[in-house]
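Take a look at the letters that make up each chain.
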Amino acid sequence: MKRSLFGRVWPNATALVVFAACVFPVYWMFATALKPTGDIIAEDPVWFPTDITFEHFGTATDAEHFWTFVRNSLTVTCLAVLFSLIIALAGSFALARMRFKGRRGFVIAFMLAQMAPWEVMVIAIYMIVRDASMLNSLVPLTAFYMMMILPFTILTLRGFVAAVPKELEESAMVDGCTRAQAFRRVILPLLAPGLMSTSMFGFITAWNEFPLVLVLSKESGGAQTLPLWLSSFQTQFGDDWGATMAASSLFAVPILILFVFLQRRAVSGLTAGAVKG
Amino acid sequence: MTVQTERPPSGPADVRKSDDPAPAGPRPRAASRAGALAPYLLLLPACAATVLLLGWPLLKDLLLSFQNLNMAQLIQHVTEWNGIDNYKEVLTGEDFWRVTLRSILFTAVNVVLTMLLGALVGLLLARLGKRMRLTLMIGLVLAWAMPVVAATTVYQWLFAQRFGVVNWVLDKLGWHSMADHSWTSSQMSTFFVVTLLIVWMSVPFVAINLYAATTTIPGELYEAAALDGAGAWRGFTTVTLPFLRPFLYATTFLEIIWIFKAFVQVFTFNGGGPDRLTEILPVYAYIEGVGNQHYGMGAAIAVLTILIMLGLTAYYLRIVLKQEEDEL
Amino acid sequence: MKRKLIAAIGVAGMLFSVAACGGDDGGDSGKKAGADGYAGQTLTVWVMDGSSPDQWQKDLAAEFEKKTKAKVTFEVQQWNGIQQKLTTALSEENPPDVFEIGNTQTPAYAKTGGLADLADLKEEIGADWTESLNESSVYEGKQYAAPWYFANRVVLYNKKVWADAGLKDTPKTRDEFYTALKTIGEKTDAEPIYLPGQNWYHFVGLVIGEGGELVKKDGDTYVSNLDDPKVAAAAETYKKFQALSKAPKDKDEATPQQGEVFAKGNVGAFIGMGWEAGIAIEANPAIEKQIGYFTIPGATADKPEGVFLGGSNLAVAAGSQKQELAKEFLKLALSDKYEGQLAKLNGVIPNKESLQSNLKGNAPAEAAAPAAAVGGTTPLIPEWAAVENDPNPIKTYLTAVLNGKSPAAAAKQVEGEFNKRLAQQQ
Chain A
1290 MKRSLFGRVW PNATALVVFA ACVFPVYWMF ATALKPTGDI IAEDPVWFPT DITFEHFGTA
1350 TDAEHFWTFV RNSLTVTCLA VLFSLIIALA GSFALARMRF KGRRGFVIAF MLAQMAPWEV
1410 MVIAIYMIVR DASMLNSLVP LTAFYMMMIL PFTILTLRGF VAAVPKELEE SAMVDGCTRA
1470 QAFRRVILPL LAPGLMSTSM FGFITAWNEF PLVLVLSKES GGAQTLPLWL SSFQTQFGDD
1530 WGATMAASSL FAVPILILFV FLQRRAVSGL TAGAVKG
Chain B
865 MTVQTERPPS GPADVRKSDD PAPAGPRPRA ASRAGALAPY LLLLPACAAT VLLLGWPLLK
925 DLLLSFQNLN MAQLIQHVTE WNGIDNYKEV LTGEDFWRVT LRSILFTAVN VVLTMLLGAL
985 VGLLLARLGK RMRLTLMIGL VLAWAMPVVA ATTVYQWLFA QRFGVVNWVL DKLGWHSMAD
1045 HSWTSSQMST FFVVTLLIVW MSVPFVAINL YAATTTIPGE LYEAAALDGA GAWRGFTTVT
1105 LPFLRPFLYA TTFLEIIWIF KAFVQVFTFN GGGPDRLTEI LPVYAYIEGV GNQHYGMGAA
1165 IAVLTILIML GLTAYYLRIV LKQEEDEL
Chain C
8 MKRKLIAAIG VAGMLFSVAA CGGDDGGDSG KKAGADGYAG QTLTVWVMDG SSPDQWQKDL
68 AAEFEKKTKA KVTFEVQQWN GIQQKLTTAL SEENPPDVFE IGNTQTPAYA KTGGLADLAD
128 LKEEIGADWT ESLNESSVYE GKQYAAPWYF ANRVVLYNKK VWADAGLKDT PKTRDEFYTA
188 LKTIGEKTDA EPIYLPGQNW YHFVGLVIGE GGELVKKDGD TYVSNLDDPK VAAAAETYKK
248 FQALSKAPKD KDEATPQQGE VFAKGNVGAF IGMGWEAGIA IEANPAIEKQ IGYFTIPGAT
308 ADKPEGVFLG GSNLAVAAGS QKQELAKEFL KLALSDKYEG QLAKLNGVIP NKESLQSNLK
368 GNAPAEAAAP AAAVGGTTPL IPEWAAVEND PNPIKTYLTA VLNGKSPAAA AKQVEGEFNK
428 RLAQQQ
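Chains as they are written, first to last, in the working numbering: chain A, 1290 to 1566; chain B, 865 to 1192; chain C, 8 to 433.
Bound conformation, chain A alone (with noise of 0.2 Å):
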């Protein structure tokens, strides 16, 4: 089929404002963060930054616990989405494959889950955690992340599962394998990408969440993740912009370079998640 001018040249012009329309409030954050003040609260903004320089990380970077900040974060995050993992695992290969009473009842009571509004249980958990003496410590904040994205993860895993063939399966079975084999060696690497693609929700969740840790860790030095940083970073250089958006993209990073290393992959593989979603 041959499509006029017109009809091949609309579709990459629209992709193109739509590309600059994502890509500008991230570019606009790291050129900030790169410009000296003088070029940022400049009367007309300077587009592309030409003197380039580091000293807003330094100011970012110099906050004190800084680096216990980031431990934390990467700890509670790594933590929280191998778990879910792990355990949404077995749960999705349950709900996918097998057939029993009360099915529906657990899929519906995960989507339920999914839906629970954490923000505005923060005191009844805060009291939870207080009472078990566990306030100021990583093993909460794990085990609540976790739970945040467990129902995701098992719904859309389920997917995964459910897209691969069962007659890749059963045929291992007839190789002799026992169907913990077969899901190990068969199904298992099948399902890589949808790992991928649910693990970086989980990772996204996770390095973002606020309200708790702000009345699980006050402890400063002790159990504070990255986004008590950029807030509190936030309140205290607010006029900083240099300093803000280097903080900004300090906690970017490390999610940017995840998403871009592992779409490929997911969104290969987004499809079978979401049928079922």
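A couple of the hints might just be wrong.
Below, a list of computed lysine-lysine pairs in the DSS-like style, where the Cα atoms sit at most 25 Å apart [stated by the list, open to error]:
| id | chain 1 | residue 1 | chain 2 | residue 2 |
| --- | --- | --- | --- | --- |
| 1 | C | 412 | C | 253 |
| 2 | C | 296 | C | 271 |
| 3 | C | 247 | C | 194 |
| 4 | A | 1455 | B | 1186 |
| 5 | C | 310 | C | 189 |
| 6 | B | 952 | C | 427 |
| 7 | C | 344 | C | 129 |
| 8 | C | 296 | C | 367 |
| 9 | B | 952 | A | 1390 |
| 10 | B | 994 | B | 1036 |
| 11 | B | 1036 | C | 189 |
| 12 | C | 247 | C | 237 |
| 13 | C | 92 | B | 924 |
| 14 | C | 296 | C | 129 |
| 15 | C | 189 | C | 247 |
Hints are computed from structural coordinates only; laboratory data are not their basis.
Please arrange chains B and C on chain A, whose structure you already have, making use of the hints.
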């Protein structure tokens, strides 16, 4: 490995059956007792976690909502039951209803915009050449991946009253009164920026998802439609749309719950201000509960928020219920 | 895939052990002084951002350790969100042992039972505390905190900017002040004054200057008095000066810290605490020589502008397991030596008159002194603390007026919220 460790312990009578090396083939698997237990055991960790880490806080929240819990009671660990006083106060005040209405409108506008733009961009992706598609995909992924706290901060900077690039552009475009405009000073302009932010962050998910779905539409369907003399539009409505329907439902459901809970964007951008005019339900619950240290009241609003969310998504949940019946 | 998974689990194990370490809060136990004094114990003290200089903390901690063998950790807190943080902290097993608390917030916390009774401390060291400064620490006849320091706002100005504008003298009346700022705007490219729309403490000062009140009594409860013409007059004054500033109308003086804005050298003046100069100097040491201070001028030359007498008390958490040690700390921190040092370094009013001599030669303190006599506070009632929670209705009122609403209409707009907070169930 998960599966192996959770192999159900079974009675001797069942051992032979479950250890049967090749229970495959067309022969239906005998429903041994162990086999029947397997799904429950596989689901056990997930259910245990849900009960402990979500069920317990929910129950606690429900209990708190029937208590008079303020600074003094919290500090001294005193439990003062006050029946349904919190609910009475919330439900008879006009604030709650105003916030609820605002929340629903806010969610509706954002979800409609997100789905519409997301679907259009998704279809656009399907139409692009390879190189352009990759370019756009990278752009979408970048916007999608921006952590919300960072994204909100960036939007504050873009829309800053002084030296904000948006005000500069509007001024240069001839709208001079915007040169020093404070976007946080009115309800509508705050919502405008927050909506822009949310749509910006949400469109990539919808677009990429839908694009991925369109790639799975079998080409024969279009050919068949073309043979029937269908034009591009008919092909779209008779083939593309029906095929994409489940994806659209699923993503709409997710967007509704995500946007309804858009606490960080609203709270960080302007704290629910000016004059509490941009508080949506989760923000309202937080400000009344944690902010004003009226924890019992906050818990009651939280419970009501959950109920309203259930109402908003009931339609989809019913579809899922039906769909699950037909499966397997 | 298999190998990868195993590796991942290994990493998880490693991370988990890290997590376990992170969770260890290293809390120390032991309540009473043994043979070793309080050796091995650590006292946690919360102080507000900017209120006590590093030098003071260092000297005090050193002497405290020498005296009691116990260590002390100062944790600096931000005013924003402090009540939420403090309330939860006081309910915990390990609350901060000693903490600074604003005088307007003290009655509310005294009522919650979160503050330890300090009657014996008052008896021991508090005989000569200035009566009026101790008022907020006493609730229903009991001593719940110790007065620490007091301060009121002054004008901090940039001498260079004023000289550039050709101004020689500091103004003596409100009109002169306004004219001077106008001149700066015309003759230099500096911002005449940095006055964000929600510096509500300054606004409270203006109300006091007009002889007005923010709340009035209606039967048993307090209700909004913002519709009083005197309050409206104060709001008009605020608006007139704010119009000279490019500062945001919906932010307070701490976001961003106005001292840091001033530090950039392109601002003529701002209204703040004397010690806010320290924030500016830290951000830009070169600014130190340019900072001058004067009393906020009133309507007439014979009476300075009304000011809000801000102050902080030191309190001990009722839940602290180190009551004795905490009191030891208070005795030292409030001793003439350290109370005097604080007054001297920060230019704040000390808790007893005999220490006022420390303020001699301290420019910000001398600028503040004349106004202190005509200063006042917000009502010292437990209900008040709720008003200060975000979104503070007085801030909302100010922003509304600055955005063009009439004071009467703005008062009406926030009245409901204000009254609700004053009547809030405790």
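Problem set entry | Violations among the numbered hints, reported as their numbers in ascending order | 9, 10, 11, 14
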